[in-house]
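> Listed below are the residues making up each chain.
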Amino acid sequence: MTPSPREQRQDALGDIPPDGRKARSYAGVSVPGAPILAALLGLALGGTAWAAEPTAAEKPDTCVACHQAVGGPMAKPLEERKADAHAAKGISCADCHGGDPARMDMDSMKVKGFVGRPARRDLPRLCARCHSDGAFMRPFNPAIRTDQLAQYRTSIHGKLLAAGDTKVAVCTDCHGVHSILPANHAQSSVHPTRVAETCGRCHGDAQYMQGYKIPTDQLAQYQESVHGELLLKRKDLAAPTCNKCHGNHGAFPPEVTSIAGVCGQCHVINKDLFLQSKHHAAFDRMKLPECATCHSNHGIKRASDEMVGVGEKGICKNCHVPGSRGYQAAEQMGKMIADLGQAVRRGEAKLAEAERAGMEVSDAKYEFQNARTSLIKARNEVHIFHPDRLNKVTGPGIELAEKGYRAGQEALDELGYRKQWSLIPLAAILAVVVGLVLQIRRIEGGRG
Amino acid sequence: MAWRRLFAWLDARLQLGDIVEFLRHKRVPVHRHFYWYYLGGITLFLFFIQVATGILLLLYYKPTAEAAFESVQFIVTKVPFGWLVRSTHSWAANLMIFTAFLHLFSVFFLKAYRAPRELTWVSGMLLLFLAMGFGFSGYLLPWNELAFFATKVGADIAGAVPLVGGFLKTFLLGGEDVTGSTLTRFFGIHVAVLPMTFTALLLGHLLMVQRQGMSQPFTPAGAPPANPPREMPFFPNFFLREAVLWVGTLAVLLYLSIFLPWELGVKVDPFAPAPAGIRPEWYFTFMSQSLKYIPGKVLGIDGEVLGILAFGAAAAFLVLIPFLDRWAPGGRRHPFFTWVGIGIIAFMLTMITLAYFKPY
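Read top to bottom, the protein sequences are chains A and B.
Here the first sequence is numbered in my numbering, starting from 5 and rising by one per residue.
Here the second sequence is numbered in my numbering, starting from 21 and rising by one per residue.
Possibly wrong hints are sitting among the right ones.
Here are the simulated SDA-like pairs of lysine to any residue, each with C-alpha atoms no more than 20 Å apart in a straight line [what the hints assert, rightly or not]:
#1 A:423 - B:276
#2 A:423 - B:102
#3 A:369 - B:272
#4 A:369 - B:276
#5 B:98 - A:414
#6 A:423 - B:98
#7 B:98 - A:421
#8 A:423 - B:155
#9 A:282 - A:330
#10 A:423 - B:315
#11 A:114 - A:135
#12 A:407 - B:98
#13 A:423 - B:165
#14 A:423 - B:46
#15 A:369 - B:271
#16 A:339 - A:360
#17 B:98 - A:205
#18 B:98 - A:188
#19 B:98 - A:282
#20 A:80 - A:176
#21 A:381 - A:423
#22 B:46 - A:259
#23 B:287 - A:360
#24 A:423 - B:287
#25 A:369 - B:98
#26 B:98 - A:425
#27 A:163 - B:94
#28 B:98 - A:420
#29 B:98 - A:422
#30 A:423 - B:280
#31 A:423 - B:378
#32 A:369 - B:283
#33 B:378 - B:276
#34 A:237 - A:188
#35 A:423 - B:271
#36 A:369 - B:274
Some chain B residues judged to face chain A by a derived CB distance under 10 Å, without partners named [what the hints assert, rightly or not]:
#37 33
#38 35
#39 38
#40 96
The hints are simulated quantities; they were obtained by calculation from the structure and are not laboratory data.
We put the CB at the ideal spot given by N, CA and C, even for glycine.
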């Protein structure tokens, strides 16, 4: 028979020192004797059957029996465990807390490294006893990562914890305690749609974060950002949340010089172009945070074509002074992208007008997608910050957009011709009608 | 002279003189409801237009799920005057059903169905059903989104017919769902089965009209019949008048096809969710819309089944009306049948209006 997780890990609790304060408080709880006795009696009576052929699910568990019998706050973990991923996989109370659930007395909580409430500083190691053990984790999920503790130790949270700061996040702060759900469960506190809220519980609490000297408005900013809108409102799981940029177990503020790498996880082309551009070296030299210099970080807004250039909303002029080469290049690039955008909108409107008029322009519309693609490519290409390079995209793009415009106009012209030329057959028909009426009159002449 | 010789040559072989003699003596009654006589002729003219434009469309149309939409697209964009042919085919189809309904109701209220014209009425009703079949099968052929989903709904309704529904649906669709097989099947029905049946029935209908002559309406109660009755020769007087209307109808068709081109829509994506605003052709909406108002269950019977049975009963009632209206042959106008006719028109107009302005 396969040993239970508890049996496998039973002796490993020895290296986790018990939280003395909490253990004492548990020991000090005034436990009514009758329910416990009843529970133990029940176990003893039923125990004959288990003794005959015990299975993992049927083994006596005095933790459950007593806590259930006592009820109230003592039974709360049992209630919470109903939705717990660990409980569902057969992980028992004793697998984390130690003790001997087979013993039918209070001494069960004095043996086998029992810890009533593990200390915060010990939690990462406690969880890692299983989660860092590849052989142990494999049966549950062959693809699961087992480097969480190693990652955690490199994180700012892990470093501060090692330095004795127990306010920092440990496993349970993000994942919960007795009702831990898999990360892909929509209700999980670490599901992508809930990560920001989970991080924000501490990072958005100015009082709690006092002394760390970091802002506490990241959550509010993120919720208003384009990423937040995509993930939180449109439920687009491709959009990033905190951990995508900062890491999760190894959470750390990105280095100023590695921001492009962070954003480039998704915005690959923009990153590659930026790294080839002159801005890359210049920004790093000036300790400017690469992408975030123009786009900001947590509160990043949807980029617009107007951002490029020196116009009212142009951001290039924030650094480039009028008359400088950079200023002129920005002005040129702003115009290129604005011209392409305008040509695309003009072409779209013309094709839509032709379509509304009942003309069949689906081929032209299909081809027009290339003009739209050019605009998207131009929005990428701008990250090389070179007018000649951008022109190689916007130039053909404008031609494509104008071709679409012409197709729409030709369809409308064709409709106009049809309407004009239709007068000829209509006139011919009228002539025939007149002729027929005259013929009728001639035949019936004088007879009314 | 050559013309006369040719005629004499043909006459010697085909006895055309009998037909000429028949036409020479054919008379059309003239009275204040005389104008309703033109409607059958206009419907016939629109059928001719359908045959002509349909044959032209056949030159380019490809009846497969992969190529149908593209072939119609090709017709309306690349084929010279293809846009006109396709648009005219669609407009004429709708006008034909419309004039057929007008023709039906004019005959209904003038009680022209009374003996001895019972079979003319029955054949006319069957022709209307076949015309609606033309509409239902033709609607799917461009393989666009709206028609695809409307056909699904139509087939589901057919599937709810008691006893034979399941077979009927599978037979119509060529499977459980609307697929390429349905398209091929509808194409076959549209260009072979229906034209053949329709033409045969139409010839019978026209033959009966010619053999029996035009029906005279009731004379107003108490008024003596005109003596001699007012009438005009069918040829050339009535024929020329009908010709004026045919040419006028052609002008209307041209105008509609040019100024309101029939849309092609979006190609079918069988995996896409049904788009909003699915609606069958207008002449089916009075049925589809009223089915929406019938509760799911009525006295333990499925509401949809009940609706279908009701429409089936109404159709049977209309077909059999010459045999049910025992008062008409005696020249009496029973208010029941008049009110039934008014009720049917009011019901159809209300449901069609609701389908377009308040579908849900």
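> Next, verify each hint and record whether it holds.
We went through each hint and held it up to the structure:
1. A:423 - B:276: The given pair, whose Cα atoms are some 11 Å apart, holds under the 20 Å limit.
2. A:423 - B:102: holds (16 Å)
3. A:369 - B:272: violated (31 Å)
4. A:369 - B:276: violated (25 Å)
5. B:98 - A:414: This hinted pair holds, its Cα atoms lying about 14 Å apart.
6. A:423 - B:98: holds (18 Å)
7. B:98 - A:421: holds (16 Å)
8. A:423 - B:155: violated (28 Å)
9. A:282 - A:330: holds (11 Å)
10. A:423 - B:315: Violated - the C-alpha atoms of residue 315 of chain B and residue 423 of chain A are around 49 Å apart, more than 20 Å.
11. A:114 - A:135: Roughly 26 Å between the alpha carbons, so the hint for residue 114 of chain A and residue 135 of chain A is violated.
12. A:407 - B:98: holds (18 Å)
13. A:423 - B:165: Violated, at roughly 29 Å.
14. A:423 - B:46: Measuring from Cα to Cα gives roughly 42 Å; hence the hint is violated.
15. A:369 - B:271: Violated - the C-alpha atoms of residue 271 of chain B and residue 369 of chain A are around 32 Å apart, more than 20 Å.
16. A:339 - A:360: Outside the cut-off at roughly 31 Å; violated.
17. B:98 - A:205: Outside the cut-off at roughly 64 Å; violated.
18. B:98 - A:188: Measuring from Cα to Cα gives roughly 52 Å; hence the hint is violated.
19. B:98 - A:282: Roughly 51 Å between the alpha carbons, so the hint for residue 98 of chain B and residue 282 of chain A is violated.
20. A:80 - A:176: holds (16 Å)
21. A:381 - A:423: With a Cα-Cα distance of about 40 Å, the restraint between residue 381 of chain A and residue 423 of chain A is violated, given a limit of 20 Å.
22. B:46 - A:259: At roughly 101 Å apart (the allowed maximum being 20 Å), residue 259 of chain A and residue 46 of chain B break the hint.
23. B:287 - A:360: Holds - the C-alpha atoms of residue 360 of chain A and residue 287 of chain B are around 17 Å apart, at most 20 Å.
24. A:423 - B:287: violated (28 Å)
25. A:369 - B:98: With a Cα-Cα distance of about 16 Å, the restraint between residue 369 of chain A and residue 98 of chain B holds, given a limit of 20 Å.
26. B:98 - A:425: Since the Cα atoms of residue 98 of chain B and residue 425 of chain A sit roughly 19 Å apart, the hinted pair holds (cutoff 20 Å).
27. A:163 - B:94: Roughly 69 Å between the alpha carbons, so the hint for residue 163 of chain A and residue 94 of chain B is violated.
28. B:98 - A:420: holds (17 Å)
29. B:98 - A:422: With a Cα-Cα distance of about 15 Å, the restraint between residue 98 of chain B and residue 422 of chain A holds, given a limit of 20 Å.
30. A:423 - B:280: holds (10 Å)
31. A:423 - B:378: Answer violated: residue 423 of chain A to residue 378 of chain B is near 33 Å, above 20 Å.
32. A:369 - B:283: holds (15 Å)
33. B:378 - B:276: violated (26 Å)
34. A:237 - A:188: Roughly 18 Å separates the two Cα atoms, so the pair holds.
35. A:423 - B:271: holds (13 Å)
36. A:369 - B:274: violated (28 Å)
37. 33: Because about 31 Å separates residue 33 of chain B from the closest Cβ in chain A, which is outside the 10 Å limit, the hint is violated.
38. 35: Hint on residue 35 of chain B: violated, closest Cβ of chain A at ~27 Å, above 10 Å.
39. 38: Residue 38 of chain B check fails; min Cβ-Cβ to chain A is 24 Å, beyond 10 Å.
40. 96: holds (5 Å)
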